[in-house]
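S.K.: Residue numbers (our numbering), protein chains in the order written: chain A, 1 to 305; chain B, 1 to 447.
Don't take each hint at face value.
[Claimed, not checked] Taking lysine to aspartate or glutamate and the EDC-like style, the derived pairs with C-alpha atoms no more than 20 Å apart in a straight line are:
id, chain 1, residue 1, chain 2, residue 2
1, B, K428, A, D76
2, B, K428, B, D410
3, B, K253, A, E165
4, B, K428, A, E200
5, B, K253, B, D183
6, B, K168, B, D133
7, B, K447, B, E431
8, B, K252, B, E344
9, B, K241, B, E184
Hints in this document: simulated from the structure, not taken from any laboratory.
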Amino acid sequence: MAVTVASGSKAPARPRRRPVISSGWAFVIPFLIFFAIAILAPVVYAIYLSLFRDQLVGGSSFVGLANYAQALTDPDFWFGVGRVFGFMIIQVPIMLVFSLIAALAIDSGRLRAPGFYRILLFLPYAVPGVVAVLIWGFIYGPRFGLVGSINSFLGAQIFTPLTPEWVLGSIANIAVWEFAGYNMVIFYAALRTVPNELYEAASLDGAGAFRTILSIKLPALRGALVITTIFSIIGSFQLFNEPNLLKPIAPNAITSTFTPNLYAYNLAFTGQQYNYSATIAIVMGLITAVIAYVVQLRGTRKELR
Amino acid sequence: MKRTRIAAAVLTAALIGTGLAACSPGGGAGGGAAAGSGSPADLEAALEKGGEITYWAWAPASEAKAKAFEEKYPNVTVNYVNAGSGVDEYTKITNAIKAGTGAPDVAQIEYTAMPQFYLADNLVDLSGYGFGDLEDDYIPGSWSAVASGDKVFGLPEDSGPMAMFYNKRVFDQYGISVPTTWDEFSAAAEKLHAADPNQYLTSDGGDGYFASSMIWQAGGHPFQVDGTDVTIDLQDEGTAKWTGVWNDLVEKKLLSPTPSYTDDWYKQLGNGQIAALISGAWMPSLLESAAPEGSGDWQAAPMPTYDGTAASANFGGSAQGVISQTKNPALAAAFVQWINDTPEGVQILQDSGSFPSTVAALTAPEFAEATSDYFGGQQVNKVLLAAADTVPEGWQYLPFQTYAQTIFADSVGQAYASNSDLNPGLMKWQESLVSYGNEQGFTVTGK
Numbered sequence: 001m002a003v004t005v006a007s008g009s010k011a012p013a014r015p016r017r018r019p020v021i022s023s024g025w026a027f028v029i030p031f032l033i034f035f036a037i038a039i040l041a042p043v044v045y046a047i048y049l050s051l052f053r054d055q056l057v058g059g060s061s062f063v064g065l066a067n068y069a070q071a072l073t074d075p076d077f078w079f080g081v082g083r084v085f086g087f088m089i090i091q092v093p094i095m096l097v098f099s100l101i102a103a104l105a106i107d108s109g110r111l112r113a114p115g116f117y118r119i120l121l122f123l124p125y126a127v128p129g130v131v132a133v134l135i136w137g138f139i140y141g142p143r144f145g146l147v148g149s150i151n152s153f154l155g156a157q158i159f160t161p162l163t164p165e166w167v168l169g170s171i172a173n174i175a176v177w178e179f180a181g182y183n184m185v186i187f188y189a190a191l192r193t194v195p196n197e198l199y200e201a202a203s204l205d206g207a208g209a210f211r212t213i214l215s216i217k218l219p220a221l222r223g224a225l226v227i228t229t230i231f232s233i234i235g236s237f238q239l240f241n242e243p244n245l246l247k248p249i250a251p252n253a254i255t256s257t258f259t260p261n262l263y264a265y266n267l268a269f270t271g272q273q274y275n276y277s278a279t280i281a282i283v284m285g286l287i288t289a290v291i292a293y294v295v296q297l298r299g300t301r302k303e304l305r
Numbered sequence: 001m002k003r004t005r006i007a008a009a010v011l012t013a014a015l016i017g018t019g020l021a022a023c024s025p026g027g028g029a030g031g032g033a034a035a036g037s038g039s040p041a042d043l044e045a046a047l048e049k050g051g052e053i054t055y056w057a058w059a060p061a062s063e064a065k066a067k068a069f070e071e072k073y074p075n076v077t078v079n080y081v082n083a084g085s086g087v088d089e090y091t092k093i094t095n096a097i098k099a100g101t102g103a104p105d106v107a108q109i110e111y112t113a114m115p116q117f118y119l120a121d122n123l124v125d126l127s128g129y130g131f132g133d134l135e136d137d138y139i140p141g142s143w144s145a146v147a148s149g150d151k152v153f154g155l156p157e158d159s160g161p162m163a164m165f166y167n168k169r170v171f172d173q174y175g176i177s178v179p180t181t182w183d184e185f186s187a188a189a190e191k192l193h194a195a196d197p198n199q200y201l202t203s204d205g206g207d208g209y210f211a212s213s214m215i216w217q218a219g220g221h222p223f224q225v226d227g228t229d230v231t232i233d234l235q236d237e238g239t240a241k242w243t244g245v246w247n248d249l250v251e252k253k254l255l256s257p258t259p260s261y262t263d264d265w266y267k268q269l270g271n272g273q274i275a276a277l278i279s280g281a282w283m284p285s286l287l288e289s290a291a292p293e294g295s296g297d298w299q300a301a302p303m304p305t306y307d308g309t310a311a312s313a314n315f316g317g318s319a320q321g322v323i324s325q326t327k328n329p330a331l332a333a334a335f336v337q338w339i340n341d342t343p344e345g346v347q348i349l350q351d352s353g354s355f356p357s358t359v360a361a362l363t364a365p366e367f368a369e370a371t372s373d374y375f376g377g378q379q380v381n382k383v384l385l386a387a388a389d390t391v392p393e394g395w396q397y398l399p400f401q402t403y404a405q406t407i408f409a410d411s412v413g414q415a416y417a418s419n420s421d422l423n424p425g426l427m428k429w430q431e432s433l434v435s436y437g438n439e440q441g442f443t444v445t446g447k
């Protein structure tokens, strides 16, 4: 009885469904193929890998969620997560505030050659990350580099950027230098979309420069701020190039588990623990996604208000 | 709508990272070509037939060897690639093996890394080509690194008996006599650093291979391997002897903390701020090329000893092996044999300043009598030959020594960084190694 009622109630709904237009698929399929190969397949494969354990002796065996259980209680992993979290908390605001001030200054119209400053600040982003870190490695060298020269001029080891205490700060410094210009360009682009009439109206109302920034420019930047924050958070959690390249000149300060990505890399490529490495990568990906999503939720809520 | 789209972008971006970290396919056990098939006659046949092989190596003579081989056998093409040194190259090889394609036919592999490759069946057993009969061509210390039981996984290239290299100009300037015992060495380190705080007798910022070799010289056997049974004892007698001397240097900050093989380090070697190095026989040619300012200042002397009895150890040294992925194992094996077992091949190695492993090359009178301008006309090889004769026997490396090296800084390196007792660091290193080894299916016992 109940069955007939159910099927009876469904039947009238059918004609209302829009007919499937098969030509639509032709437009979507190229993307879907790319998406499946470039994004879904590696992720699925990583998940598959994370369910096995391949040993130097004894080969590969299915271990279920054992790798995840290990990752959840792995102090090396969580210490690395804590480190990049701390890095994010400190580095991202410094960088974004710097980018914001630079964008506002260039947008203010009071600089003589704004295009020059824009290029100048953006230039570090055009330097490949690997080269950038090598340059900074030379600068940080306690004997060979600029820091070494300053120290010998001052007659004491004042600056020690490669010691365990300071090395994270030194990496943050590189990251600010590298990416502040990139974020500045995003902010600047957002500022350029503000219609001139708004500024004219503001100045007629007697608003000064700071009042204009607070009431017009910053609200206009909200969307850009959310995006740059999310990108910066993802960048922080994926910290890898800088510590990996600085390791030869600061071997004891940067451990093999310094950041989660470095840990995953060392597990896979020197420890040959591909499976556990995949597990770490997946857990880290999830953590990053959750945090970025939370930031994005908060950001858009403000936007709606 | 907008919210979900951004959320999807965020999730995608995060997952791309995940995917990248896992993009090394394969998963199963390494290649399967590692069988002792073939016969000595196959080598001749392969050379006659010709073909193409890829050769990965980083030693300075590698390219010259490949060229000389091509000249000798014009129908063979050797594609020489410098794929990075040490662990950088191993990473690429391991990735290529996992990927199922892209690995070289022949690769330079350090003695310390040989076991990790042959235990995973990544190297072709060359005994079928009659390589087992070549044992007597090599000094025992090098042969033991490439052979396991009846199987032969490569041929030794260079070797690294240890000696002390010192800057005579600095020693003379500060009135330091060449130390022959470790006690004298410590005293010299203290005297030099007290005379000028920028001067260090030697440098050591923490290096797992160096520490292992120092323990080796002290007569220790911290790593014992029997098949898949491994015993690790980083508190054995030899280790205790070494830390007895080295702790003092670490705690009193008498070692230059500059990481080895960096620009800072070469600069200090060139200008004499690091006045001596305890290192392998490959160090003279490295000094000559990387610290040219020191030319004429340096000398070689035997490694200081604990009780006056001459003792050395090996530090470094490489072999060439045939990677299991090769499609032409006979030709690859023939190449390995030519570069490492013929007088022509070994001569190219010697010309580059490396210290060979073949008995024939080492016992030639002109080798011992060769002089070096960098070393003020000294017959450096005589010192190194004497060292090679006093290497304690029975040393073994872990079957995962490359990994052990990577994590050395996480434990022992922390003791170096804080100028404290090395023993707790060594114990922590041992703990990590025991748990890693057991996870990898070995039966590892820590003492």
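S.K.: Next, verify each hint and record whether it holds.
M.R.: Each hint, compared with the structure:
{"no.": "1", "hint": "B/K428 - A/D76", "in the structure": "holds (13 Å)"}
{"no.": "2", "hint": "B/K428 - B/D410", "in the structure": "holds (9 Å)"}
{"no.": "3", "hint": "B/K253 - A/E165", "in the structure": "holds (18 Å)"}
{"no.": "4", "hint": "B/K428 - A/E200", "in the structure": "violated (68 Å)"}
{"no.": "5", "hint": "B/K253 - B/D183", "in the structure": "holds (16 Å)"}
{"no.": "6", "hint": "B/K168 - B/D133", "in the structure": "violated (44 Å)"}
{"no.": "7", "hint": "B/K447 - B/E431", "in the structure": "holds (10 Å)"}
{"no.": "8", "hint": "B/K252 - B/E344", "in the structure": "violated (49 Å)"}
{"no.": "9", "hint": "B/K241 - B/E184", "in the structure": "holds (15 Å)"}
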